[in-house]
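J.: Spelled out, the chains give:
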Amino acid sequence: MTTSLLARDLTLGYGDAPIVSELSLEVPDDSFTIVIGPNACGKSTLLRGLARLLRPTAGAVLLDGTDIRASKPKDTARRLGLLPQSAIAPDGITVADLVGRGRFPHQSAMRTWSSADEAAVSEAMAATGVTELSRRLVDELSGGQRQRVWVAMALAQQTKHLLLDEPTTFLDIAHQIELMELFTDLHRSGTTLVAVLHDLNHAARYATHLVAMRDGAIVAQGDPQEIITADLVEAVYDLPCQVITDPVSGTPLVLPLGRRSR
Amino acid sequence: MSVIDHGRRLIRVETAHTATLVPVRSVLVCLGLVVVIIGAGLFAMTIGAYEIGFDAVIRAIVDPASDPDVRQVVTEWRLPRVLFAVLCGAALALAGGIFQSLTRNPLGSPDIIGFGVGAQFGVTLTMLVLGLNTYLFKAAGALVGGLLTALLVALLANRHTMSSFRLIIVGIGVSAGLGSLTSWILISVSVEQAMMAATWGAGSLASLGFDQLLPAATAFVVFALLARPLRRSLPVLEMGDDAAMALGVRPGRTRLIAMVVGVALVALVTAAAGPISFIALAAPQIAQRLTRSNTPMGLAPVMLTGAALVIVSDAVAQLLAVPVGVVTLSVGGIYLTCLLAAQFVRRT
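Residue numbers (the numbering used here), protein chains in the order written: chain A, 1 to 262; chain B, 1001 to 1348.
Please note: incorrect hints may appear among the correct ones.
As the list claims (entries may be wrong) - Pairs of lysine to any residue residues, derived as SDA-like cross-links and limited to a Cα-Cα distance of at most 20 Å, are as follows:
1) A:Lys72 - B:Gly1248
2) A:Lys160 - B:Gly1248
3) A:Lys72 - B:Tyr1335
4) A:Lys74 - A:Leu62
5) A:Lys74 - B:Pro1229
6) A:Lys74 - B:Pro1251
7) A:Lys74 - B:Thr1254
8) A:Lys72 - B:Thr1254
9) A:Lys74 - B:Arg1231
10) A:Lys74 - B:Gly1252
11) A:Lys72 - B:Leu1256
12) A:Lys74 - B:Ser1183
13) A:Lys74 - B:Arg1250
14) A:Lys72 - B:Ile1257
I should point out that these hints are in silico values taken from the structure, not numbers from a laboratory.
Since we're looking at a predicted model, the values are computed, not measured.
Using the sequences and the accompanying hints, generate a full structural model.
T.: Pasting the structure below:
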């Protein structure tokens, strides 16, 4: 297993109390890595650290062997992308223009829009199925469409690694599945994905590498088929459950035991 | 033509060293604005005690052998005023575009959030308390006043980001405070000094000559060049700090440069002409609607819109024999009312 994105003894936090302390993680190249864990376990903080949105209080994030804080931001942005949770679509922007902003790290004062930009934006819109919407205003779209437009923007950035911060939150089940399938397509076409996800069963179905976190530390990681057990889920979430095999995908399926079913 | 449908006409130009998308509509808008600026500028030069016709003005500018008296009136007295109108309009509009983009709010212009009043206070102090009345001293006073006000507003608003309604409210409050301090200085100095400061304080291009145009134009060129990279980075920052950082923009540094450049652009105008209100507020919004752009930040269309607004306002001001600041304040007041009403309707 090779890895070009890794965290080494990473400590992250806001103020004095660290949320993630001395965590080390190697993201396998060409994997679809999904990070799960209860609220406030530090999974989003870890992702923000990997995306260099948070300055580590100790340790470092290395991309292709160099500390991402030591590289030029635009340089890093050509290799590592992020779909943030809280992005704002400017008023009156069209879909094509928003997707085009993903090209920023590839542009310069003299080259503000090249044929490579054009090709990348066309491809990103085609891959996410938003080509038809290209001249529509982003404000007018439904939640599912809008999220696909943001994914298209991140894709237009054409990075080897793409980080996804809870990409399916606030979407209905059909749009969640649609998006997870889209990410799987991306992963198969050669992008290394790291996503923070709430839905354990989606993580079990789609991840090639699962990372379970609790209290700012990694509890277990590996192939979801091998690591997801009733004991692990209880250890991570304090949730008694049964794990069966998903009859559709053959992956683990977690069934929580409520108070009434015990 | 671009193969992607962006919802407007764009022509892709690509050579070995440059590649860009040219928005057809923006080019046409800019050409139209240039025509308006030249037309209104020539018309403005016909106005005055010494009557000169349209054709005589043009002859005086292009033909060195024409009537020397007319040439003197046109090129030495009236031309600097017109050039100043273009300069002030362009600088204020650019500053407005920068701050509206930073605050993600059409109300976030330097005349609303207090930096204009801060610059004015700085100049008043320099002129009346320190007794320094040359352009460079006034410009320094305006710059320091504007920057300190920006710092004060940022501290009081107590947010790391500029994008809050809170910032605007704090800015309005700080403006009111500094305005009353300015008035207090005016009533505590001699009548002659107060008159001089009050004439300047109404915002006027009337008494400006080439001696002030040169330093102001130099400063404008410097800050406009510094603003050039912001044309691309500020719209990215509008998407939020996380998205901007992921795309390789440094939010803190970009915001600091934008603030300093924006305040400096306001300061260089305030030092020369006094406060000319509402251009910074209205021009970026008008330019955005004319070009159907998705950001108030822009260069040529925004600056030309500002220049056209000031030059037309100044021609009207000369016809009515009032300072240009009075005209822009009146027109801007109506505009602000409409803007607030529109925001109110959208919020409810």
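J.: If a hint holds in the structure, say so; if it doesn't, say that too.
T.: Right, here's what the structure says about each hint:
{"no.": "1", "hint": "A:Lys72 - B:Gly1248", "verdict": "8 Å, holds"}
{"no.": "2", "hint": "A:Lys160 - B:Gly1248", "verdict": "15 Å, holds"}
{"no.": "3", "hint": "A:Lys72 - B:Tyr1335", "verdict": "43 Å, violated"}
{"no.": "4", "hint": "A:Lys74 - A:Leu62", "verdict": "16 Å, holds"}
{"no.": "5", "hint": "A:Lys74 - B:Pro1229", "verdict": "14 Å, holds"}
{"no.": "6", "hint": "A:Lys74 - B:Pro1251", "verdict": "12 Å, holds"}
{"no.": "7", "hint": "A:Lys74 - B:Thr1254", "verdict": "13 Å, holds"}
{"no.": "8", "hint": "A:Lys72 - B:Thr1254", "verdict": "14 Å, holds"}
{"no.": "9", "hint": "A:Lys74 - B:Arg1231", "verdict": "16 Å, holds"}
{"no.": "10", "hint": "A:Lys74 - B:Gly1252", "verdict": "15 Å, holds"}
{"no.": "11", "hint": "A:Lys72 - B:Leu1256", "verdict": "18 Å, holds"}
{"no.": "12", "hint": "A:Lys74 - B:Ser1183", "verdict": "48 Å, violated"}
{"no.": "13", "hint": "A:Lys74 - B:Arg1250", "verdict": "9 Å, holds"}
{"no.": "14", "hint": "A:Lys72 - B:Ile1257", "verdict": "18 Å, holds"}
In summary, the numbered hints that this structure violates are 3, 12.
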